[in-house]
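Novice: Take a look at the letters that make up each chain.
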Amino acid sequence: MRGEAAAAAGSAQAGSAGSSARAGSARASTVRAASRVAGRAATRAWLFAALIGAWWAWSAGSTSVYFPPLAKIVRTLWAQWAVGPARAQLGSSLEHLALGYAIAGLAGIGIGALLWSLRYLREATSPYLYFLYVLPAPVLVPAVITVFGIGAAMKVVIIAFAAIWPTLLNTLDGMRGVDAVKLDTARALGMSGARRTLAVVLPAAAPQVVAGLRNSLQVSIILMVVSEWVASTGGIGYYIVTAQESFDYLGMWSGILMLAIVGGAANLLFVLAENRLLYWHYGARAVEGRA
Amino acid sequence: MMGQAPQQPVGTPRGGDPAEHHPYAPVVALNGVRKAYPLRGGGQRLALGDVTFDVARGEFACVVGPSGAGKTTLLRCLAGLAMPTSGTVEFEGTPLRQVPAGVGVVFQDYGRSLFPWLTVRGNVDLALKARGIARDSRPARIAEVLASVGLADAGRAYPWQLSGGMQQRVAIARALACRPDLLLMDEPFASVDAQTRFGLEDLILRVREEFGVTVVFVTHDIDEAVYLADRVIVLSASPGVVTEVIDIALPRPRDQVATKRDEAFAAYREHLLGLVMTR
Numbered sequence: 001m002r003g004e005a006a007a008a009a010g011s012a013q014a015g016s017a018g019s020s021a022r023a024g025s026a027r028a029s030t031v032r033a034a035s036r037v038a039g040r041a042a043t044r045a046w047l048f049a050a051l052i053g054a055w056w057a058w059s060a061g062s063t064s065v066y067f068p069p070l071a072k073i074v075r076t077l078w079a080q081w082a083v084g085p086a087r088a089q090l091g092s093s094l095e096h097l098a099l100g101y102a103i104a105g106l107a108g109i110g111i112g113a114l115l116w117s118l119r120y121l122r123e124a125t126s127p128y129l130y131f132l133y134v135l136p137a138p139v140l141v142p143a144v145i146t147v148f149g150i151g152a153a154m155k156v157v158i159i160a161f162a163a164i165w166p167t168l169l170n171t172l173d174g175m176r177g178v179d180a181v182k183l184d185t186a187r188a189l190g191m192s193g194a195r196r197t198l199a200v201v202l203p204a205a206a207p208q209v210v211a212g213l214r215n216s217l218q219v220s221i222i223l224m225v226v227s228e229w230v231a232s233t234g235g236i237g238y239y240i241v242t243a244q245e246s247f248d249y250l251g252m253w254s255g256i257l258m259l260a261i262v263g264g265a266a267n268l269l270f271v272l273a274e275n276r277l278l279y280w281h282y283g284a285r286a287v288e289g290r291a
Numbered sequence: 001m002m003g004q005a006p007q008q009p010v011g012t013p014r015g016g017d018p019a020e021h022h023p024y025a026p027v028v029a030l031n032g033v034r035k036a037y038p039l040r041g042g043g044q045r046l047a048l049g050d051v052t053f054d055v056a057r058g059e060f061a062c063v064v065g066p067s068g069a070g071k072t073t074l075l076r077c078l079a080g081l082a083m084p085t086s087g088t089v090e091f092e093g094t095p096l097r098q099v100p101a102g103v104g105v106v107f108q109d110y111g112r113s114l115f116p117w118l119t120v121r122g123n124v125d126l127a128l129k130a131r132g133i134a135r136d137s138r139p140a141r142i143a144e145v146l147a148s149v150g151l152a153d154a155g156r157a158y159p160w161q162l163s164g165g166m167q168q169r170v171a172i173a174r175a176l177a178c179r180p181d182l183l184l185m186d187e188p189f190a191s192v193d194a195q196t197r198f199g200l201e202d203l204i205l206r207v208r209e210e211f212g213v214t215v216v217f218v219t220h221d222i223d224e225a226v227y228l229a230d231r232v233i234v235l236s237a238s239p240g241v242v243t244e245v246i247d248i249a250l251p252r253p254r255d256q257v258a259t260k261r262d263e264a265f266a267a268y269r270e271h272l273l274g275l276v277m278t279r
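Top line first, the protein sequences correspond to chains U and Y. Residue 1 is where the first sequence starts when you use this note's numbering, and the numbers rise one by one after that. Residue 1 is where the second sequence starts when you use this note's numbering, and the numbers rise one by one after that.
Source of the hints: derived by calculation from the structure; they are not laboratory data. Any given hint might turn out to be false.
Pair by pair, the computed Cβ-Cβ distance ranges are [as the list claims (entries may be wrong)]:
hint	chain 1	residue 1	chain 2	residue 2	range
1	U	Glu123	Y	Pro251	53 to 63 Å
2	U	Ala194	Y	Arg97	10 to 20 Å
3	U	Ala260	Y	Gly122	50 to 60 Å
4	U	Glu123	Y	Arg40	13 to 23 Å
5	U	Glu123	Y	Arg45	22 to 32 Å
6	U	Arg285	Y	Glu244	24 to 34 Å
7	Y	Tyr37	U	Glu123	15 to 25 Å
8	Y	Arg135	U	Val287	25 to 35 Å
9	Y	Pro139	U	Ile150	30 to 40 Å
10	Y	Gly122	U	Ala194	10 to 20 Å
11	Y	Glu144	U	Ala286	43 to 53 Å
12	U	Tyr120	Y	Arg97	35 to 45 Å
13	U	Pro142	Y	Arg135	26 to 36 Å
Predicted model, so just to flag it, every value in this text is computed and none were measured. Glycine included, every Cβ here is placed at the ideal spot set by N, Cα and C.
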């Protein structure tokens, strides 16, 4: 049994890339790890690189005002969004996005957990929740404008309202699906109701909660743009629409590219956070897969 | 504490703290416990029909019975996880309302009862935290209890990185972390292979001496029950009632080879198999 313990403890530490190994082999394994990461990145990025390359080459000689060369768009992107006046638009968009998404995420988890623990409230509100979930949020924009005006509050409210549903419903579903043995264990360990919810139910439901948060992020970005299209004087969405209306197609394309960058970066950050947070989930699943 | 005197009448207290508890008071006492579950579409199913027995301090009691005898229901009632429909369960003289601090529970399926988002130490730490053990005394307690189950080096691993037998040892360590008076185990070794199982059986015998803990151990395995127990409580088929209580007067320390070769072991085994199989 001792051997068994040592073997498993060894395999548990194997992930930390040979900390006890000699310096030389440690360096070799670092190089190997780096080339593995590079290899994985290459596997994922080749199509992206090919498409961008094709766009660049295909548009290089373009004289169409609607489809300017990519090289020019990138120059505009830099001039406008990195060093130019559009930086303020970017900042305002990101601010609303971050605030709206944070509210949606926190409130979604909080209300989801509350509904999970209060059965009567849950059963009574369930039809309305699903109605609101399937209601396309943009149709609420006029109503929200009537109440909150056209300032920052309106945008944050729209983003939060639209993005809360995936997180809320996934939290509720995830918590309802928590294994009864885990709940029994928590009670057997003498945990109070609040501690059970925070220390057992929430982490057990985390994979589903995170899936909901991811969905909410996408909705947040969409609603960020939509809220800027309507009755607004700032933001990436506003910039794109204004550029298009004033025949500034270079500006319009640069705004669209900027939006793609924001979406891509937000998604990347999310995936990094998810991999950290749900490390245990993917690890355990991989072990199950092998068994 | 437990190593000697196999002929001592079982059911009398051996060990424990007489200053703290009445020396002859049982650790846990069931009196006329019935448990019925409502059935879908009306009516009810009686899982336990009138179960009465005591478990004395320091005793190792095994509960056996055919499948569907309500063994798990019985254990849930003993733990305070389920309330009996009628009758009482008293733990150290007080009727159970919830799981008392003096009780540790080990469930059958370690894969479901361990928390995969916490490391081995995290799992044990949570148990201590839940019972309000001060932060600065927890690391020592964790190290001690992990060493007792032979997992001193596995604290930083996640449960799912360990073998099945080791995972169940984590669950045992977690249940023992708060030094319970009573350890309840629900078919704890049913999902590990035979060799690991023998190791775990010996481990639980050693650990209960080390911690001076009373054990109620539910199993469907007659050999396991005879090997481990001071006393075997036999439940009938559904609804479960106690059909017989058998004192196991095999010498301790027990040994997987010598004990099981003993003629008395074979006799207990035969008798119990007869009781469980004929129903």
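Novice: Confirm or reject each hint.
Specialist: These are the hints, each one checked on the structure:
{"no.": "1", "hint": "Glu123/U to Pro251/Y: 53 to 63 Å", "result": "holds (59 Å)"}
{"no.": "2", "hint": "Ala194/U to Arg97/Y: 10 to 20 Å", "result": "holds (19 Å)"}
{"no.": "3", "hint": "Ala260/U to Gly122/Y: 50 to 60 Å", "result": "violated (40 Å)"}
{"no.": "4", "hint": "Glu123/U to Arg40/Y: 13 to 23 Å", "result": "holds (18 Å)"}
{"no.": "5", "hint": "Glu123/U to Arg45/Y: 22 to 32 Å", "result": "holds (26 Å)"}
{"no.": "6", "hint": "Arg285/U to Glu244/Y: 24 to 34 Å", "result": "violated (46 Å)"}
{"no.": "7", "hint": "Tyr37/Y to Glu123/U: 15 to 25 Å", "result": "holds (22 Å)"}
{"no.": "8", "hint": "Arg135/Y to Val287/U: 25 to 35 Å", "result": "holds (31 Å)"}
{"no.": "9", "hint": "Pro139/Y to Ile150/U: 30 to 40 Å", "result": "violated (57 Å)"}
{"no.": "10", "hint": "Gly122/Y to Ala194/U: 10 to 20 Å", "result": "holds (19 Å)"}
{"no.": "11", "hint": "Glu144/Y to Ala286/U: 43 to 53 Å", "result": "violated (32 Å)"}
{"no.": "12", "hint": "Tyr120/U to Arg97/Y: 35 to 45 Å", "result": "violated (24 Å)"}
{"no.": "13", "hint": "Pro142/U to Arg135/Y: 26 to 36 Å", "result": "violated (54 Å)"}
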